[in-house]
Structure formats: structure tokens, C-alpha cells
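Going line by line, the protein sequences match chains A and B. Numbered by the working numbering, the letters in the first sequence go through residues 376 to 686 in order. Numbered by the working numbering, the letters in the second sequence go through residues 31 to 324 in order.
A hint or two may mislead.
No more than 25 Å apart at the CA atoms, straight line, and that leaves these computed lysine-lysine pairs for DSS-like [claimed, not checked]:
(1) B:Lys166 / A:Lys680
(2) B:Lys205 / B:Lys137
(3) B:Lys205 / B:Lys220
(4) B:Lys139 / A:Lys680
(5) B:Lys111 / B:Lys166
(6) B:Lys111 / B:Lys205
Read the hints as simulated data drawn from the structure, not as lab findings.
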Amino acid sequence: MASSTNVEESAQSRAGGVSSPGPTELRPKRSRRRWHNGIGTVPFLVYLGLFLVIPAISVVVTAFQSGAGHFTLSNFNEAVHGVYLKSFINSIQLSFAAAIVATVLGVLASLAVCASSNRIVRALVSSGSAVFANTGGVPLAFSFIATVGNFGVITKLLTDAGFNPYDHGFSLYSVFGLTIVYQYFLIPLMVLIMIPPIEALRKEWVDASSSLGATRAQFWRWVGIPLLAPPILAAFIVLFTDAFAAYATAEALTSGTISLVPIQLGALISGNVLAGQTNLGDALGAGMIAIVLVAGFLYAYVQRKASKWLR
Amino acid sequence: MVAVTTNVGRNGKEPGAANVLKLGRAFRYGVLGLVGIFFIIPILASARFSFLGNNNTITISAYTELFSTPQFWSTLFLSVKIGLGTVLLTLALLIPTVVWIHLRVPKLKRVFESISLLPLVIPSVVVTLGVITSFKSLPNIIMGTPVILALEYVILALPYSYRTFDSAVQAIDLKTLVDAGQSLGAGWSKLLRLVLLPNLRSGLLGAAILAFAFCLGEFAVASLLSFTTFPVFLVQVGQVAASQAVALSLIARLFTWMPLAVIIISFGQRNASSKKKTVSLAKTIEQEETTGIA
Numbered sequence: 376m377a378s379s380t381n382v383e384e385s386a387q388s389r390a391g392g393v394s395s396p397g398p399t400e401l402r403p404k405r406s407r408r409r410w411h412n413g414i415g416t417v418p419f420l421v422y423l424g425l426f427l428v429i430p431a432i433s434v435v436v437t438a439f440q441s442g443a444g445h446f447t448l449s450n451f452n453e454a455v456h457g458v459y460l461k462s463f464i465n466s467i468q469l470s471f472a473a474a475i476v477a478t479v480l481g482v483l484a485s486l487a488v489c490a491s492s493n494r495i496v497r498a499l500v501s502s503g504s505a506v507f508a509n510t511g512g513v514p515l516a517f518s519f520i521a522t523v524g525n526f527g528v529i530t531k532l533l534t535d536a537g538f539n540p541y542d543h544g545f546s547l548y549s550v551f552g553l554t555i556v557y558q559y560f561l562i563p564l565m566v567l568i569m570i571p572p573i574e575a576l577r578k579e580w581v582d583a584s585s586s587l588g589a590t591r592a593q594f595w596r597w598v599g600i601p602l603l604a605p606p607i608l609a610a611f612i613v614l615f616t617d618a619f620a621a622y623a624t625a626e627a628l629t630s631g632t633i634s635l636v637p638i639q640l641g642a643l644i645s646g647n648v649l650a651g652q653t654n655l656g657d658a659l660g661a662g663m664i665a666i667v668l669v670a671g672f673l674y675a676y677v678q679r680k681a682s683k684w685l686r
Numbered sequence: 031m032v033a034v035t036t037n038v039g040r041n042g043k044e045p046g047a048a049n050v051l052k053l054g055r056a057f058r059y060g061v062l063g064l065v066g067i068f069f070i071i072p073i074l075a076s077a078r079f080s081f082l083g084n085n086n087t088i089t090i091s092a093y094t095e096l097f098s099t100p101q102f103w104s105t106l107f108l109s110v111k112i113g114l115g116t117v118l119l120t121l122a123l124l125i126p127t128v129v130w131i132h133l134r135v136p137k138l139k140r141v142f143e144s145i146s147l148l149p150l151v152i153p154s155v156v157v158t159l160g161v162i163t164s165f166k167s168l169p170n171i172i173m174g175t176p177v178i179l180a181l182e183y184v185i186l187a188l189p190y191s192y193r194t195f196d197s198a199v200q201a202i203d204l205k206t207l208v209d210a211g212q213s214l215g216a217g218w219s220k221l222l223r224l225v226l227l228p229n230l231r232s233g234l235l236g237a238a239i240l241a242f243a244f245c246l247g248e249f250a251v252a253s254l255l256s257f258t259t260f261p262v263f264l265v266q267v268g269q270v271a272a273s274q275a276v277a278l279s280l281i282a283r284l285f286t287w288m289p290l291a292v293i294i295i296s297f298g299q300r301n302a303s304s305k306k307k308t309v310s311l312a313k314t315i316e317q318e319e320t321t322g323i324a
């Protein structure tokens, strides 16, 4: 009896377009149908579990196992010493530097785009960013080799002009070189992420501050920067993780000569394993997951602050 | 007082963000110009590099040699096959799931959007390692063939494909369309064929193209699982012939840029006319249904 009135009521509220039915009316029905409602999502979740969650968990579990399958911490001990420690330091330095540079340049570019009233410029930059943010990988490495590699076009031009950058400490095949190359997909990513929050700086706030007599500097000091700081920080974290996980560009550019975590892990996977390092790769993998997870939690925290105002 | 405030607002020179963000022409064009140059130079330099012969002559030999390499075609073909497989799997997984979520459990929309971003958290190198350790015992027909690549690419492309399709579903009034279709007597297959797919065309196309572009460019998983896909071939070429590798990268760029440009343009149009389209399509369905009954 009770359930039939519920059905009637909900049918009525749907037909009448009543948008807020009392929560008490629907509760009994909903709890009965809850598991039923979830069924349609099962195939998707199973697929994700099978091809993403299980592999990830197996890496973490294996990281704590010796070759014979016993519990051990020796893999991690190995992973934080020598060349592997160096690779973590290199990777973090590279990702941090690349993300900082891209954040600064990306914010400047986004501000410049948002300030421009030229429609063509805006359309060009936003669709261009979408394309370039997706153009990492191997082709990127080769286009920089063609530009400022040992025999690159720009290198040649500069050498002809009497300044060979490779004689002055520059090398494309270094952490510094990678920092530059990574800008090619990090800056567009930053622009993509930052345009919406900058555009969301609401006209009302601008008007309010100017009617209260604020100067432009005051507006930025008290309104603009506090509002944009959380999204900028969140975007920085995204860039950091993106750079940290990047493998293809670094591998193609340096052929594995530079010690970064993904490169070391790749070398271990492709079989350059020394005796007694059976599960070392898993420890490196677990380390990468840990770093990205920390970044992810920071991101979620910052994002919650950001979404308070900028909707 | 209120009137004064609004007046000030109205007298502001430009509406919206452009007003506060007045940055000065020199600054604006300076920043955009410099960034633009940074993005254009490598492309121009690659083009120049790929046409460079001995003693500064111009030659297209890098390209002709590439096209006459059988491996160029075989690896490209392999990548296209993997891409198509990935696209089919992605759509088979996304269409029912996203439609179901929007109809039956709309509360979970945000949750599933976050779940779809999960592959970004786990670097693809780590996923590859996990695949090797956990699927060792899987039959050779999966692990020993590129099938495993397609299966994994569905996951790795998910952050892009899911969002695209999800926002397309969000943009139409799914519930009303389904209710209308059902009240006209359409079953699920008819509903899918006549109502949902036509309305979600651009979203499906977008998700498909993003997944496909991802497959054409993916290097880490393919190379670590020892499959010679197109990007892996590109790196192999790079170790022996630089100018060919650069030529090949330009071609690879075109492969990914063209489809991406297509979706960006088509999405711009969709956003402009999505409302109209939904209404008119609902009408055509009604017509088709009535003629079907009659």
C-alpha cells in the first residue's frame, strides 16, 4: 500500500514538473531499488578493475615481495639508493621546473588571450591549445632534435653566426633540454585549464570593486589573485604529474641515457634486469604511484577551495 | 545607491573579464607572439630538416625512402587496426554505461567522471608493468598479440573519451527523449537507433576520434610490450636516419592534428546548434514512428 502511493506520488511529481519532492516520500522505494540501479554500471567497473586496478595493485603488492614471494622491503631499499634515487631526484626536479615555467608562461598567455577582444585570436589559441596539449610523445622529441639538436636547423644557424650553443653548456639531451621540450605540451595544457577560471572572474566583482574605488592593483591584490591562486595551484599539480609520468618524449630524445624514473622502470621492464633485482621495477612503480597520489590529494584539496567561488 | 552602482557598471568600457584584464596591447601581443613563435619554430625547423639533402640541397628523398619502406605501411596498418579495435571497444563500453548513469543513477555522474580520470593517476609505464606481472598466465592469444594493446588503450584513452561522450549526453535532454520514445512505443533497440545515436552523433564521433588519435600516438605501452606500432617504428627509424625520422614525425603530427581539428570544429558547431538539433530530431523520430505504425 505504502509503495503504491509512493509510485503515484512520484509519477505525479514528474508529470507536474515538481522539482523537489519531499525526501521522506521517496526514501523507502529508493533503498529497495538501489542495487538494481547500479547493475548497468557493472560491465564498465569490471573492465576498469580488470585492466587498470588489478595491474596497479599487483605492482604495489609485488613491490613488497622477494623473488621467492616472501614479504620484504629490500626492493624499496634498492629503489632509494644509487642510480634509482638519482632518477627520482631528476624526475622530481624536471617535473617541478617544467611545471613552474609552464605555469608562469601559461598564466601570462591565458591572461593575454582573455584580455584580447579579438575573436579570431581567442578561437585560434583555445583550439590550438587543445591540439598541442595532445601532441606530446615521440614526434615532439624529433621535432626538437630537428630544431636545436646537435645538427638542428637553429643550432646550425647559431653556429654559422659564431655561437654554437653546444660549446656553451647547452644540450637538448639533458634535464634542462627536456624542461624546454616539455613546455610544448605543458603550456597549452595550462592555457586550456586556466581560461575558464580567468573568464569566470565575474563582472559583478569587477564592478563592485571599481564602484568601491579600487584601482587595478588593488583589484588584483584583494580579489583577482586570491581568486585565481587555487586554480593556478591545481593546474600546477596537473602539469607536475603530467611531466612526471611522461615517458615517450624523454625516451625518444635521450634513448634512455638520462636517468628518470619512467626511463629506469622502462629499462627494467624491457629486460635489462640484473640478478637480485627481480621486483625492483615494482618498487619503482609503487614509488611513482605514491608520488602521483600525493599530488592527486593535494589537487583535490585545492580544487575544493577553488570551486567555492568559481563556478 | 544601488542605481549608482549599476550605472558605474554600465559605463565600464568593456563587459566581462576584458575590462579588468586590460593589459596593454604591447604586453598582450608580446606574450602571445613569443609563445606563438616557440610553437611554430619546431614545426618549420622540422620541415626544413626533412627536406635537407647533402650540401644544403633540397630533396624529398627522406619521404620517398619512407614510403618505399614496407615497415612504414605495416606498422601504420597495425596502429590503425589497434585504433579501430580500441574505438569499437570504447563505444561498446561507453554508450550503455553513460546512458545508464544519466537515466538511472544521475547522482553518480560526478563519481564516474572522477573514476574515468583514474588512468591519469597511474603512469602508463606502471600500468604496463602491472599488465606484465598480473596477466603473465593469460592465454597467448591475448598477451602475445596486439589485442592486449587495444584492451589497455581503452583504459588509457578513457579520461578523454569518457568526458567527451559524457558532456554530449549531458547536453541533450536524455530523460525526455527516452520518455517520449517509450511513450510512442519504441523498444530499447529502436530507441538507441532512432533517438539516442542520432542525437549523440557528435559526442560519439568526438570520443571515437580522441581514442583513435591516442592509439596512433601511444609509445610507452607498445614499446615495452614489444609491439612495433607506428610510434615504435618512428623511434627505430630515429636511431638510423634522422631526417627520415623527422619527416615521419611531421606525418605523424598530421595524423593526429587532422582528426583533432575535426572534432574541435564540429564541437564548436554542435554547441551553437545543439538545442535546435535535438528538437528537430525528436520530430523526425516521431514522424518515422508514425509512418512505421501506419
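Going straight from one Cα to the other, do Lys205 (chain B) and Lys220 (chain B) come out at no more than 25 Å? holds, 16 Å
Do the alpha carbons of Lys205 (chain B) and Lys137 (chain B) lie within 25 Å of each other, as the hint requires? At roughly 14 Å apart (the allowed maximum being 25 Å), Lys137 (chain B) and Lys205 (chain B) satisfy the hint.
Verify the proposed pairing of Lys166 (chain B) with Lys680 (chain A), using a straight-line Cα cut of 25 Å. violated, 44 Å
Quick one, are Lys139 (chain B) and Lys680 (chain A) close enough, alpha carbons at most 25 Å? holds, 21 Å
Quickly compare the C-alpha distance for Lys111 (chain B) and Lys205 (chain B) to 25 Å and report which way the hint goes. violated, 36 Å
Would the pair Lys111 (chain B) and Lys166 (chain B) pass a check requiring their Cα atoms to be no farther apart than 25 Å? holds, 24 Å
In summary, the numbered hints that this structure violates are 1 and 6.
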